[in-house]
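Residue numbers (the numbering used here), protein chains in the order written: chain A, 132 to 297; chain B, 159 to 345.
Bear in mind the hints are in silico, worked out from the structure with no lab data behind them. Incorrect hints may appear among the rest.
[Stated by the list, open to error] Think about it this way: if two alpha-carbon atoms lie no more than 25 Å apart in a straight line, the pair counts; the simulated BS3-like pairs of lysine-lysine are:
#	chain 1	residue 1	chain 2	residue 2
1	B	K315	B	K325
2	B	K166	B	K295
3	A	K136	B	K332
4	B	K325	A	K167
5	A	K146	B	K315
6	B	K295	A	K145
7	A	K146	B	K166
8	B	K218	B	K252
9	A	K146	B	K325
10	B	K218	A	K167
11	B	K177	A	K145
12	A	K143	B	K218
13	B	K334	A	K145
14	A	K136	B	K315
15	A	K143	B	K177
16	B	K177	A	K146
17	A	K143	B	K303
18	B	K303	A	K136
19	A	K145	B	K166
20	B	K252	A	K136
21	A	K146	B	K303
22	A	K143	B	K166
23	B	K303	A	K145
24	A	K143	B	K334
[To be verified] Here are some chain A residues the structure puts well away from chain B; computed CB gaps all over 12 Å:
#	residue
25	F179
26	A187
27	N224
Because the structure is a prediction, the values reported are computed rather than measured. Beta carbons are placed, not taken as given, at the ideal position from N, Cα and C, and that holds for glycine.
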Amino acid sequence: MKNEKDIFDFIKAKKVDVPDQAYFTALANSITDSKKNNIVPIYKRPVFWLSSAAAAIVIVFVALNFGETNVMHEKPLLAMNDLDTEIVFDYVNENINDFDAEMISEFIPTEVITSNTTEIFEVELEEVKTIETEELSFEDISTEDILNYFESEEISLSDFEDELFI
Amino acid sequence: MQKHLDDKYIIDLYNQGGKNIDIAFKGIVSLYGDKLYSQIRRITRNHEHTNDVLQNVLIKIHQNLDGFNQDSSLYTWIYRITRNETLNFIEKEKRRSGVDLDAPMLEILAGHDVLDDTTPEKIQQLLQDAIESLPEKQALVFQLKYFEELKYSEISKQLATSEGALKASFHLAKQKIQQFIIDRLNH
């Protein structure tokens, strides 16, 4: 059978033309010489770029956070300076309980303290007086008012089961 | 450089370090350069490409010689690097065209049915494909015996393998290649 013939009997490989030894010597020398002279510039080293990127990220992060904090601290001072004195007194009057009177008096310049200021405190005093003179009595309070009070305070009558309340 | 260099001498020289590293490397090039060139040129079929691939191979050898752990012969290790570099190069070059290639490095003799209907170019490509399909050691034995026409005794020294094993390996390689080519041509 023809197909049983060894194909290698019919294929003849040609020799490759190999350069002479000088070629290989020159090639080897070029490789060893390039290794000796191979000084990598710093900007070509990956570690340089990685470090630079990390430093840039840190700087941006710090700058953003620092910038925000400063803006937040400065704005209230500027806003306060732009406010009308009357507006400030109205705010203080509405939230007087949140302020310490002594602290307020320390920060208000003497010339600013006018009759307006004294009126505010006088009104407060009047209100306090009114509260003190009123006498409270349960006889003056209707049952309906009491029940409404319990409901608003979420007090259940069952909480007083053990007490005589009727 | 002495021509009776062997693997042990080169490795010992390399391990001494310093300027002996370069001497060892140049010893490798002196000993195996021509075989590597032939191996690459049969595949690339172009001197410029062969030069590029060979340079890459030698650089890799120089960089990685400290990683050679002597579980194979030095030439087997180098052959593996060369084979991989050449195949990688061919893959990249496939996209390019217009490169002057060598004339086929095979001649077909008349008388075989299957081969009579084909060209040396085709046979050369099929032969290369068949060799690539072989296990690495078999491909290396075939390369050294068929293309380099070395004696079994010489191959035995280079590959640190017995002559009997080499003969068996070569015989098997030829059978596989023949079957590969005939199957492709008859398909």
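Consistency of the hints with the structure:
no.: 1; hint: B/K315 / B/K325; result: 14 Å, holds
no.: 2; hint: B/K166 / B/K295; result: 20 Å, holds
no.: 3; hint: A/K136 / B/K332; result: 12 Å, holds
no.: 4; hint: B/K325 / A/K167; result: 44 Å, violated
no.: 5; hint: A/K146 / B/K315; result: 22 Å, holds
no.: 6; hint: B/K295 / A/K145; result: 23 Å, holds
no.: 7; hint: A/K146 / B/K166; result: 30 Å, violated
no.: 8; hint: B/K218 / B/K252; result: 23 Å, holds
no.: 9; hint: A/K146 / B/K325; result: 22 Å, holds
no.: 10; hint: B/K218 / A/K167; result: 16 Å, holds
no.: 11; hint: B/K177 / A/K145; result: 39 Å, violated
no.: 12; hint: A/K143 / B/K218; result: 33 Å, violated
no.: 13; hint: B/K334 / A/K145; result: 21 Å, holds
no.: 14; hint: A/K136 / B/K315; result: 32 Å, violated
no.: 15; hint: A/K143 / B/K177; result: 44 Å, violated
no.: 16; hint: B/K177 / A/K146; result: 36 Å, violated
no.: 17; hint: A/K143 / B/K303; result: 13 Å, holds
no.: 18; hint: B/K303 / A/K136; result: 20 Å, holds
no.: 19; hint: A/K145 / B/K166; result: 33 Å, violated
no.: 20; hint: B/K252 / A/K136; result: 34 Å, violated
no.: 21; hint: A/K146 / B/K303; result: 13 Å, holds
no.: 22; hint: A/K143 / B/K166; result: 35 Å, violated
no.: 23; hint: B/K303 / A/K145; result: 13 Å, holds
no.: 24; hint: A/K143 / B/K334; result: 18 Å, holds
no.: 25; hint: F179; result: 22 Å, holds
no.: 26; hint: A187; result: 33 Å, holds
no.: 27; hint: N224; result: 83 Å, holds
Figure legend: structure checked against the earlier numbered hints; hints not met, in rising order: 4, 7, 11, 12, 14, 15, 16, 19, 20 and 22.
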